[in-house]
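Chains as they are written, first to last, in the numbering used here: chain W, 1 to 191; chain E, 1 to 263.
The reader is advised that the hints may include incorrect statements.
Claimed, not checked - Residues from chain E shown here face chain W by an in silico Cβ test under 10 Å; the list is partial:
(1) W65
(2) S67
(3) A244
What the hints assert, rightly or not - Covered by chain E, per the in silico footprint, the following chain W stretches (three or more residues, Cβ under 8 Å):
(4) 25–38
(5) 59–65
None of these hints come from the bench; they were simulated from the model.
C-beta atoms are modelled at their ideal positions from N, C-alpha and C, and glycine is treated no differently.
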Amino acid sequence: MFEAHTRSRYGEGTPLEILLAQVALGNREAFDCLYRGTANKLFGICLRVLAERSEAEDTLQDVFTTVWRKAAQFDATRASATTWLAMIARNKAIDRLRSMPARQARAALELALDVEDPTASPPQQAQTASDRARLERCLELLEPRRRSLVRAAFFDGSTYEELATRVQAPLGSIKSWIRRSLLQLRQCLDP
Amino acid sequence: MSSPTLPPEDTDPVGSEPPSDELLAGEFVLGVLDPTQHRNLRGRMDSDRVFTNQVAAWERRFAPWLSDIEPVEAPAQVWTRICQRMGWNDREPAERSLWRSLRFWRGVAVLSAIVAVVAIWTSLLRAPRPPAVAGQPPAQPSGPPPGQAEAGVKTVTPLEHDDGTPGWLASVDRSRGTVLVLPVPAPADPQGRVPELWLIPPGKAPRSLGLVSTNQSHTVTVPADVRGALVAGSVLAVTLEPPAGVPHAVPTGPIIAKGAIRS
């Protein structure tokens, strides 16, 4: 998912896990290398959540200062470095989205439409491809409206309350839909 | 927009009952919980390993959605602004030594759980030793007499993992220049690397003290020229290193546990 291209002594393809371990020690060279290898990808994620470029730039800055501070918390037994970094970017972007006033005017959600994600790129790695295929296959099993609800929650940071407003459905139903979808997804992905 | 028709199963109680922790972790990752609940759960991740693992599992499940997103070239000013925010002079070369900065080591909070473990272990150390078998002199000079143990020279340092759980307990015996290392049993590294112990005096380069066991306690003898660094403020750290060439001149692998020697 990330290309670790670099001119430093870490060399091309230095695993992100190694770079993170060194960043945890306060190693700026490793941090520099990590930035060059992952910033574009993480910027893409920020832009996916925050349509506005200047907001995405500020968020990317936040993401890397967080990575510098929290690299020691990265636990390779729990997640790949790729997933850990991508989730920080997505979570920071959602935090920012939530702090924006324009958020009140969030568009009504048309649940019947299950639009393909316009920013999706063809997967580059076999591992990513198979994970992606599995997630898609499992999502296919969900009823289409629930699928778009889960996706909207993940990328828009909408809470249960907001989703209820956006789709004009009772809060209890929204909770029920999402929870059932989560259970179904988990059963399908980790049988 | 009209209300969507609800499928019949939506009347069941799954939406109103308190969800299991596993489901809660999924809701947390998805981001649908109200801000207060979300914040509380974030706080819970500091202390609840099981919950943290459940959150990580949900993040793995959703990760393909993020790995699919097309990269977009990040504007150059972002890096400049990061450097400014860090107070770094952009022209200053990146720090060469991985170990020069001890920023990371300082201010490590010792969790109450660790304190409890240390307290138990320390009390074990203080327990009266079994009498030496006749004809077999004790391997070491006997410890301080009971009641005066407090005046002993041993200090116990927990070497913690990043999540605050203890990986090893190190008892520093300054007068003998030894460190007794007690591991909390852990599986071997799947990549075949071995745990190597380092002594890092404040502001100085780390010195290898050799390998440490992951399953039995043993005593490490500290080289005479660094014994003076067995004092409060120095750090003991364990990294994963290739088995060949121990003791290494410099650490190359990730740190898996560390702790500052206390006075």
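Any of the earlier hints contradicted here, and which numbers? 3
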